[in-house]
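Asker: Modelling step: build the complete structure from the supplied sequences, incorporating the hints.
Chains as they are written, first to last, in this note's numbering: chain E, 537 to 837; chain W, -2 to 378; chain C, 1280 to 1647.
Simulated from the structure, these hints should not be mistaken for laboratory data.
Incorrect hints may appear among the rest.
Simulated pairs of lysine-lysine, BS3-like, Cα-Cα distance not exceeding 27 Å [claimed, not checked]:
#1 Lys1625(C) <-> Lys662(E)
#2 Lys1642(C) <-> Lys664(E)
#3 Lys664(E) <-> Lys1308(C)
#4 Lys664(E) <-> Lys1480(C)
#5 Lys1571(C) <-> Lys662(E)
#6 Lys662(E) <-> Lys1644(C)
#7 Lys664(E) <-> Lys1346(C)
#8 Lys664(E) <-> Lys1625(C)
#9 Lys136(W) <-> Lys1625(C)
#10 Lys1625(C) <-> Lys1308(C)
#11 Lys662(E) <-> Lys1637(C)
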Amino acid sequence: MFLQHLLNGITIGGGYALIALGYTLVYGVLKLINFAHGEIYMIGAYLGFICVSLLPALPPFFQTHTLVFVCLIFLVAAGLCSIYGFYLEKICYRPLRGAPKLTPLISALGASIFFQNLVMITMGAKDKIFPQLITQQTMTFAGVSFTWLQLTMIGLSLVLMLGLYWFINRTRLGTAIRAVSTDPFMAQLLGVNVDTVISVTFMVGSFLAACAGVMIGLYYGTINFTIGYLGGMKAFTAAVLGGIGSVTGAMAGGLLLGIIEALGAGYFSTEYKDVYAFFILIAVLIFRPAGLLGRRLHERA
Amino acid sequence: MSGRKLSAELFFYLGLMLVCAPFLKLHTAWLPAVFLVVWGLKWFGDFSGRNEGIGRLREKVVGFFRQRSTPLVLLLLAVAVVVPFGASTYLLDVLTSALLYAILASALNITVGFTGVLVLGFIGFYAIGAYTTGILTTKFALCGFWLALPASGVVALLFGLLLGIPTLRLKGDYLAIVTLGFGEIVKIFCNNLDALTGGPNGILGIKRPSLGFATLDSPQAFYWFCLAVLAMVVLIIARIADSRYGRAWIAVRENEMAAGALGIDVFKKHLLSFSLSAFFGGIAGALFAAKQGFISPDSFTFYESVLVLCMVVLGGIGNLAGSLVGAGLLIVLPEFLREFALYRMLIFGALMVAFMIFRPHGLVGSRTIALEAEDHADGAP
Amino acid sequence: MRKWLVLFCLCMLAVACTKKGTKEENVIKIGAAGQLTGPEAVFGADMLNGVKLAVEEWNAKGGVLGKKIELVPGDDQAEPRQAVAVANKFVTEGVAGVVGHFNSSCSIPASDVYHKAGIPQISHASTNPQLTEQGFANVFRVCGRDDQQGKVAAEFALGRLKVKKVAIIHDKTTYGQGFAEEFQKGLGSGAQVVAFEGITKGEKDYSPVVTKIKATNPDAVFFGGIYTEGGLLIKQYKAVGGTAPFIGGDGIMSEELVKIGGPATDGTYATFGPDTKEIASAKNFNEAYRKKYGEPGVYSIYAYDAANILLQSIQKAGSIEGAKVVEAIRAIDYNGALGHIQFNQKGDVKDSPYVVWKVEGGKFKQLK
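Answerer: This is how it looks when you write it as structure tokens:
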């Protein structure tokens, strides 16, 4: 029982973590909560769906090599989604640099309402159903039931997180992102192009969110235009839980949130599932105001 | 115009075209209206940005109104009092909603505007107020509306203290997510404590208050009642904002450390403003319960919190008159857009973004905030 | 250039304004309220198309009382506050009657407004008992009630499936929870309820709750809610190794359930009205609807009949005066797409036959 709940928690937690990374990265460089990020995740899922439904029109090679096709879906959806992220920043946030702190937040909420309704109008309000690309056969090991797809999903989120860790810590652009998030003014003086770095950050965040979207779509089989709200809010909670602005924090926070929810729902009442997450969040913040793994921020009052 | 600005503008219009494309079949005639509004906003933004004169003119106009504020307020009040004569039930319903949201927005403005604390789950207090009234007047039949109204405020205030005491020491965005969580928790509890709140079925049959000689059953009477409450709330907030407390709040918002050094108890000031806004939120909730006669958790979603926050920001953070304007606009505007049905929310979202880009300080704006923004523009965020 | 464009726009606006001014008043308006936008917008569209079809048919025959019928759609976004605003708008526009709303949580507060204005309201899908228990003379519904439906489902579970242990899941909405509670009431002491769990609507991951349910080893799992969650629950329940069949209501009666849940949904039961494809009277409706709007949703036919009842009553009453129309609806003896409909004192359908359906080979089939 316990192990089953733990596995359930890790599966969904991986998804939360991927979305949470987007919040945390943007918060790092802009000190801004990108409220439209949840919608980017939703759009990613829809782009994935569009790609999947193109399958019958593609050459037979893809129809026989499902794995290649799935990889391609991820790449295309995530690639397109990073363009969305790029323009989201360019249209909704860039003109607002230096405006009062709440202004970009409202603009983000506006963008979020806009995206939701745009998808609803263009794609329809009905749930979209992914065709079964990979057969899901239940296996049981030590009393725990799981499917290959579930394992693949956990594996993929781990790989993406490691990839991001490498990108942030080992590449030039990653170093620039870290520089901007530490001190944007200083980074600019040292010749870092802050605008480019911010754009890249948005694109990377959107890339990960789109991967999470496609993953959720393939695993659970249905998506609709409201998943961005719930997913976004959970991921945001995860990011704060782990310490917003911290990359490892977002990963840990996402997994932790998934596990808390699964155990809470499993051993107590399902009705209050969302309450546990928030209670733990409040408790963590009272004792560790910067989140579990966050640096103590020297944020101005 | 530089190349970058041109391309940004181009993308903006492309986005706009995308919004409008679906109308071309149905509402071709409405399309230009949207364009005109956007152009007007943009022109005004550009113009006031380029031209010092318009800034001075605006100062002058604001100064004019400030000097003659009493007759102006009286005039507006008179208009608001007269409106119900000859208005349809529908219009009255919309206007009463706008009044309720004006109370909410003014209340939220205390924390967001005066002390600079971002609250994302404000609707939680509204829900607590509404449910307190609902439970007191129907389930227990303990008391009538007149006792339930202040009781709703007090209960909301207690919850405000309960939430505020442990969490108000947190910094900006962390506090924001905690309050967001609070709003969700209130909603979930309302949905699950079936014995008390009726669960998803909500509470039915909440009676409108009576004034001894007449019940406020007609839409007109209830409208006037809400108007009176709003006037009272605004008056109280305006007086407090102008007192020593209000000045201390502004000081705390502008620079917490300096305020602390001056001997202001920052935490206490935060707590006071927080619980005060919770109190007024509860009052608004009680009115909502009486207006609808029926409450259920569906009315208290995160989207409503966002709506109230938008009203505050749209009108200008820290500006009481702005909150009223914002509430009026955001409740009345969607009613006009009802014609569009399907595209209503789409346009609403796009307008929100456009507004923030072209009028970032809100419609009315607040000078203290503007100064702060200039600070931000110079250096690091 | 820009100046000309602005001028052009102004002209267009002027045209738009004048066009509105000359609108003819020689029509009878009826309102159709539901969630036209938002997460459940598909139900709103199904309803609106059903009503549209009825209105078009009447208009083709020359309208009612010699006047054309105008359909006024109202979007309540599945939110009570908006529902009241829509209701007030209908009253102000002077509609002769209203079809809707969809959600019970919207229908109930809106019914208060219609009651005060004396306008008849016929809901096509609000199954919560409270709606017609308020004692409003002007409120009707053409669908069944959750207490009737819950009883049928419980009798089926006890009698046909011979269950001893039942797990109950609901989606924490007025409909889902109300239905689940009525089901539990219907079971009485005949079976043991081993779990009673609420889930959050709109989520995708229900693995914690199905893991928990599986551990209680029920003979059947009852679900009060909509097919979107139902399909996911069934699929995830089977994925953790559960075997008990699911029982649901009208909310899960949709081909979509099978698409979402895949082969795991085989053997799922649902209570619903009798098969409209087998009712001869529904044949015309199905054909006409398919030709115009594609496959009908489960509630399209209810909306169609509600609109027909309303229009026929207006015809009979000979005026659009609220009290007279209400009187006519009360007395109606209607033979429509759903079959024979008469209303009882409360405004419910006199005999509402719920039957049990089963998913077999990916299709819902009525159990004989």
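Asker: Of all the hints numbered above, which does this structure not satisfy? Sort the numbers upward.
Answerer: The structure breaks hints 1, 3, 7 and 8; every other hint is satisfied.
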